[in-house]
Amino acid sequence: MELQKEARTPRDPVARLPGASRSQKPDEEERREGGSAPAATALDAEADGASADGLWELPVEPAERRPECSRCSRPQKVCLCPFLPVHPLHISTHLYIIQHPAEENKVLRTVPLLVACLPQDKCKVKIGRRFSEERDPELSTVCRKSDTLILYPGAEAANLEEFILDSPIYPSTIIIIDGTWSQAKDIFYKNSLFRLPKQVQLKTSISSQYVIRAQPTNRCLSTLECAAVALSILEKNNYIQETLLRPLQALCSFQLQHGAQIRLSKEHLLKNGLYPKPMPKNKRKLRKMELLMNSIKI
1 MELQKEARTP RDPVARLPGA SRSQKPDEEE RREGGSAPAA TALDAEADGA
51 SADGLWELPV EPAERRPECS RCSRPQKVCL CPFLPVHPLH ISTHLYIIQH
101 PAEENKVLRT VPLLVACLPQ DKCKVKIGRR FSEERDPELS TVCRKSDTLI
151 LYPGAEAANL EEFILDSPIY PSTIIIIDGT WSQAKDIFYK NSLFRLPKQV
201 QLKTSISSQY VIRAQPTNRC LSTLECAAVA LSILEKNNYI QETLLRPLQA
251 LCSFQLQHGA QIRLSKEHLL KNGLYPKPMP KNKRKLRKME LLMNSIKI
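Taking the UniProt record's numbering, the leading residue of the sequence shown gets 1, the next gets one more, and so forth.
One or more of the hints may lead you astray.
[Stated by the list, open to error] No more than 25 angstroms apart at the CA atoms, straight line, and that leaves these computed lysine to aspartate or glutamate pairs for DMTMM-like:
id : residue 1 : residue 2
1  : K145      : E156
2  : K126      : E138
3  : K281      : E235
4  : K77       : D121
5  : K190      : E134
6  : K198      : D186
7  : K198      : E162
8  : K122      : D147
9  : K124      : D147
10 : K236      : E104
11 : K185      : D147
12 : K190      : D166
13 : K185      : E242
14 : K126      : D147
15 : K124      : E161
16 : K122      : E68
17 : K185      : E134
18 : K277      : E235
19 : K190      : E235
20 : K283      : D186
21 : K203      : E162
22 : K145      : D121
23 : K124      : E104
24 : K145      : E133
The set of hints was computed from the structure by calculation and includes no laboratory data.
None of the values given here were measured: they were computed from a predicted structure.
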């Protein structure tokens, strides 16, 4: 599940000089035997230091980013705007995407395509791992409203289509978490705000068309696909689903034409004896593998 930003500190890789982690004490055995190793080591270290000093003086050239389309956020040469609706779709539902920070910089992410298809005042993306009333009063208010839903599968989740038929209050807002399954689980369970709205899930026979990114099971959908199905149900308009899936289909088609491979789900690989890694020894992980092989929802 291919979810305002929290403060983050970039972690730059630390360059290590050759031998920098080694002990600086001379070898006592070599020193007693009058060997030349300590002297040679000192000369090598001095040479390495001089070489390193020269490296620090070299100009640093920032990596060039390809110009991006301002609408679909794709590189201009592979812009997907021809597959987007000419005008944003008219919807009454408010959509909040809670995006894990790791998703923000992925090349083949689907959220920018989703945002490009919807009105700005109806679709908001909030990036972070932890949310609270103090950090995000707006989100806190949304989560406390009785007409807000959160799309997250589980034993407590109601089927979305069935829920709206019986609910006395028709939902006006839906929250979707964007990230890998483990990231989405971490966000959902470690933010008490997200357990305030009614929890719903999708029960659909649709297979994911996001075939260039591996999913745990055959039933998993990308964030864009979840939003497409959920909005079409809430708005009672199948055209919404068709329109939102069009740029995703174009993205996958383009990638496959240029060398990408179809990524089969872990469930499919396990069931057909194609899983390339050895089975884990950890009992919890092994149990998850067994559940996937038996088509039990985890």
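| task | Please flag the earlier hints that this structure goes against, numbers listed from lowest up. | result | 3, 4, 10, 12, 13, 18 and 19
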